[in-house]
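Asker: Could you build all of it, start to finish, from the sequences and the hints given here?
Each chain, written out:
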Amino acid sequence: MIVLGIETSTPQTSVALGTETEILGSTSLTGTARQDAVVPAIEHLLRWTGLELSAVGGVAVGLGPGLFTGLRVGVEAGKSLAQVLGVPIVGIPSLDALAFGVRHTSRMVGAVIDARRGEVFYAFYRTVHGGVVREGDYQVAPPDHLAADLEARGEDVLLAGNGAILYRRELEGTGGRLEFASAVSAHPQAGSLVELAIPRMHREEFDRLFDVVPLYLRKSDAEIAWDQRRRGASA
Amino acid sequence: MRIELGAPTVEDTRAIGAALADLLRAGDAVALTGELGAGKTTFVQGVAVGLGFAGTVVSPTFTLVREYRGRLTVHHVDVYRLDRVQDVLDLGFEEMTDDGVLLVEWGDAVEGLLPSEHLSVELTVPGHGERRRLVLTAVGPSWATRWERLERSLEPWGSAA
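Residue numbers (the working numbering), protein chains in the order written: chain A, 1 to 235; chain B, 1 to 161.
Calculated directly from the structure, the hints in this document are not laboratory data. Everything numeric in this text was worked out from a predicted model, so none of it was measured.
Simulated restraints on C-beta separations:
id, chain 1, residue 1, chain 2, residue 2, range
1, B, Asp87, A, Glu135, 29 to 37 Å
2, A, Met1, B, Gly140, 52 to 60 Å
3, A, Lys219, B, Thr63, 18 to 26 Å
4, A, Met1, B, Thr63, 30 to 38 Å
5, A, Thr49, B, Glu151, 57 to 65 Å
6, A, Lys219, B, Thr9, 41 to 49 Å
7, B, Gly140, A, Arg203, 51 to 59 Å
8, B, His128, A, Thr30, 54 to 62 Å
9, A, Val213, B, Ala26, 26 to 34 Å
10, B, Asp83, A, Leu166, 29 to 37 Å
11, A, Val184, B, Glu117, 33 to 41 Å
12, B, Pro141, A, Lys219, 29 to 37 Å
13, B, Val10, A, Glu172, 53 to 61 Å
14, B, Thr61, A, Ser54, 33 to 41 Å
Some but not every residue of chain A turned toward chain B, in silico, with C-beta under 10 Å:
id, residue
15, Arg218
16, Ser220
17, Arg229
Ideal Cβ positions, reconstructed from N, Cα and C, are used throughout, including at glycine.
Answerer: Below, the structure is given as structure tokens:
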């Protein structure tokens, strides 16, 4: 089974094609507004791997949490392709994919993505045979909140992601011994999405197309105070 | 910092937008306030043209966000159809100011969600026999160093404030 992975939750746009046994091709490009690259990157990968689009048997998309613009483009591209091709889709939280990419460690893993506005998205993972298991909820908070979390855990942790790199100085020295993953693990990889999606596809744990929506952690139930719209409408 | 201007014609509104465009920098946010028909989209047309964009500028009432690429990328947003704060958050304002400028129609309704430093542009629909007016107010210090130049370039439309 050939699965297409699309990951756009950070300034890196990453696309991959893979099977149960290997990643056939992958491409990543970092920079703002690179989500324009999603569709050309897929075309490129298909051409270079000599595959037809119709060979794709499933789609895996990274759901974030992450950057709004990228997520909208990536998730919509994945959903459109799944619908047009009539193939199953699986949505995977991008923090899970990030942690999965650095799972070959005995430490606990902290996946940390820059959320802008002085905050990070993060979650902690225990490594298990063949993967990672999340411990606790996905969080959005300032880095000192994460530092307090690390302090409370008091364990040796491997921190991965662009948020960990950005706030390294604030995080260092807190909790147990910290290790920081290098730049190559700064962003969730589409290849990890493919690897995480394939077992789910085999178990037929697909997502319904309309349930595949970006994971937004900054929630607000408030309504906009629309005095002037009413005034304008009644005028 | 406040500038009050008279904009008797649509061309004036457009020209004021173009004059502002010369002073815009990446990261700027502009909140546009004014009732339906006050000239918010016309103002954005002026800004886009001033930044060298040659295409069409229409109100993004239904598309929510439109993008124009000139000297800077303009992210033109209209929140008129949105009812929930979450819908506005989902647009991701902070990312739009990464690589360009953000112009938000009905910006005053969502002021708390805008970057804390921004420029407010208030357009008023004139009553019978009145002149169309336009008031620019800087929120935060980022406009301080540019304010004098802005005042000078907008002098042709200056009214006795």
